[in-house]
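Novice: Sequence:
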Amino acid sequence: MNNSKIKKMRIPVELRQLQKSQNEHGISCNTLSSSPDDFTALEAYIPGPKGSPYEEGIFKMSITFGEQYPFRPPTFKFITPVYHPNIDSGKCFVQGNLIAIINTFKAGKICLDLLRMPPTGSYNPAITLESILLSIQLLLANPNPDDPLQGDAADLFKSNRDLYNQKAREFVKQHSCLHEDMKVVDSGEVKENDVPAGNQEVKKKKLKLSYK
1 MNNSKIKKMR IPVELRQLQK SQNEHGISCN TLSSSPDDFT ALEAYIPGPK
51 GSPYEEGIFK MSITFGEQYP FRPPTFKFIT PVYHPNIDSG KCFVQGNLIA
101 IINTFKAGKI CLDLLRMPPT GSYNPAITLE SILLSIQLLL ANPNPDDPLQ
151 GDAADLFKSN RDLYNQKARE FVKQHSCLHE DMKVVDSGEV KENDVPAGNQ
201 EVKKKKLKLS YK
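For the record, in the sequence shown the residue sitting at position 92 is 92 according to full-length UniProt numbering, with numbers rising by one throughout.
Don't read these hints as lab results, they were simulated from the structure. Keep in mind that the hints are not guaranteed to be accurate.
Stated by the list, open to error - Ranges between beta-carbon positions, derived for each pair:
id: 1; residue 1: K20; residue 2: K50; range: 15 to 25 angstroms
id: 2; residue 1: F71; residue 2: P12; range: 28 to 38 angstroms
id: 3; residue 1: P125; residue 2: A41; range: 34 to 44 angstroms
id: 4; residue 1: G151; residue 2: S33; range: 19 to 29 angstroms
id: 5; residue 1: L163; residue 2: M9; range: 45 to 55 angstroms
Even glycine gets a Cβ: it sits at the ideal position worked out from N, Cα and C.
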């Protein structure tokens with residue numbers, strides 16, 4: 001059986017499993033294509049972990065499955081900007097001329113062992129989509145400042161935890177959709193007037209899984 005057939009069989013099963021446990025972790029995931037057989041790209045919404053500076057936010061992610069999946073990991077990226085040591089902001093500041101360069105390729109990249117192949121990572125074909133999403137949710141609450149993608153966030157996390165938490169919470173309010181503003185109706189869609197003005201990216205997006 002080739003990789004394409006494995007992908008078409010495996011991903012729907014994993015999405016159904018994710019749906020079954022959605023009440024436990026609040027994570028939702030949907031296909032982006034209108035074709036029932038296209039599982040190349042997904043979008044996910046991860047609620048911030050309770051007790052963390054991200055707890056009031058809901059964070060949008062993209063998930064892309066390459067030709068070699070499941071033998072190589074999918075690509076996970078945050079669409080919602082996140083202030084976090086292990087999530088790349090895509091910004092590079094040059095102190096001389098103080099020029100900020102936006103690198104859209106790196107923006108949203110996540111530093112996580114499960115997303116890397118051995119020997120530097122721990123991904124293997126048995127790891128599920130749900131396991132990776134839960135690990136990313138856990139990473140929000142437990143940053144690793146010693147393996148950073150945002151150096152300034154890592155430095156602040158080490159030197160002044162209170163200030164780091166404050167800045168992370170400010171990012172949540174500015175960039176993510178807040179829990180109190182997300183109201184999922186019976187149709188599985190977000191009402192247009194329920195989404196705050198600064199968070200139009202989630203307008204009319206389905207947050208409930210459509211698989212039965």
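Novice: If you test the structure against every hint from before, which numbers come out violated?
Specialist: Per hint list: 2, 3, 4 violated.
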